[in-house]
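Input sequences plus hints: build the corresponding full structure.
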Amino acid sequence: MAEDLVLDTAIRDWVLIPLSVVMVLIGVLRYFVSKLMRSSPSPDAKIVKEGQVVIRARNLKAGANFIPPKSFRARRFYFSNEENGLLHVPKDQAQNPQAQMFSDPNMAMDMMKKNLSMIIPQTLTFAWVNFFFSGFVAAKIPFPLTQRFRSMLQNGIDLSTVDVSYVSSRSWYFLNLFGLRGLFSLILGDENAIDDTQRMMQMGGFGFDATKSLGAEKDGLDIIQHEWALPGFEHRAESVLRKLVQ
Amino acid sequence: MVTKTEERELKQLENQVENGGGGVWEYLSLVRKLKVRRSEIVLKHGLSILNDSGKRSALGPDEWILYEQVAIAAMDCQSLAVAQNCIKVLQKKFPESKRVGKLEALLIEAKGMWEEAEKAYSILLEDNPLDQVIHKRKVAMAKAQGKPSLAIEHLNKYLEVFMADHDAWRELAEIYVSLQMYKQAAFCYEELILSQPTLPLYHLAYADVLYTIGGLENLIAARKYYAATIDLTGGKCTRALLGICLCGSAISQLSRGRNKEDKDMAAQELESLAATALEKEYKQKSPAKLNLLSSALRSLKLS
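Same order as they appear, the protein sequences are chains A and B.
Just so you know, we're using full-length UniProt numbering here: the first sequence kicks off at 1 and counts up by one.
Just so you know, we're using full-length UniProt numbering here: the second sequence kicks off at 1 and counts up by one.
Where hints are given, some of them may not hold.
[Said to hold, decoys possible] PhoX-like cross-link-like pairs, simulated, lysine-lysine; straight-line CA separation at most 20 Å:
| # | chain 1 | residue 1 | chain 2 | residue 2 |
| --- | --- | --- | --- | --- |
| 1 | A | K49 | B | K136 |
| 2 | B | K136 | B | K111 |
| 3 | A | K243 | B | K280 |
| 4 | B | K280 | A | K46 |
In case anyone wonders, no lab produced these hints; they're calculated from the structure.
Here you go:
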């Protein structure tokens, strides 16, 4: 039915705006708390070395055509040598990153802290929204939707005849959850604009997975064909000089 | 590396500050950000801010950063008393701080007391074995004491872990060249070219080293790298132009008995072009030496 429900402006004043304000404030609070709680990571020498090895291998890939073929081959051998090459990780040593994660107490603590700092405010806010702001129509979405969204967006509203565009405040909460990144980047500076979507992605991902990146670099190096670019430079230099001399 | 805009801004601020205009704090912050070495100016103006208690309190918490910056600049200019004062102030404010500990060790090194400085750095390294700055200070100390082999040893150990640090590779290359270990220097320059292939400086240095090592293959490669430098600098690098002429004559000397390969044809044009470009440049910049240049070039071509 396409009749227009008239929504009380009080809903806007007392539901939509406070909800947004609260979520922004919680985000800011979470940022400061995470700053306080962040333990300075003591970098492991092995991890630093692996990071640097990866950078050097990437440089080798990028600049391969600028050095003489012999040097390139020597370096490639150095990196991908089967016995003691830098990028070569023997199969049995390739640690399962999960096992590594749990065996290292520091990392486990860090993961716990990160997860908690995300889960708790989310759960609390969600419970608060459900408790206080359920059972009424909060807003109207400007575009029409299909019936499938009814269960998701109209959770507190038990009338099945209401148009799906009229949603409850839970959907406003989700909208804010995913959308406040732009606001955070304004307030907290561009680097800290992590909102909940990214945190959720961070929850799933693991720390720096060395073995995979090393293996990837090794494969990349093995693929490269060396084509010495320097002879071309002689011709280019000629043309440059010719132009200069004229 | 400092970009052109940053360099221009730096020069502009420097002029402003030197001529009595304001903007001292912006200049000091820019110097800090770009990590350039302007110790005299930093010392003079930084000290003027620190001695004036009004301006000092206007800085707020940045005052400690300024103390650190002035301390390092003072040590660079050998005003050790000034440095000592700054460090004392920092020590009072931040006792047991690793950063202040680094400054203290730096002061000991500046005074020339090598063993104590060595001990101080080892203690700092125990706490934090991955501190790049301290490793580099040890290398600098070895170099200052005139022990280049020790410096090489330290640098190699450093580079085993931090192999992507191109400043360290550059330092190692220069030390090798000073010790005439040209093959190792060539390796270092190759690393540098790999990390920054568009920088003509590294191509030029690599070409110099290759030319010095000698041998036909190296000479041919050297000429190619000189050509690369010319290409990257738009033909303005005098050294590369001369390098090409020298390489050309050396190659023709070496390959006198053998068959001339085809690539020499392209190269000969390059040589003559380089010679012409050189003469043009000398005509513009130092016409007095033009005769010298022409006779040198003629002797090269004849040989």
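Starting from the hint list further up, note which numbers the structure goes against and sort them upward.
-> 4
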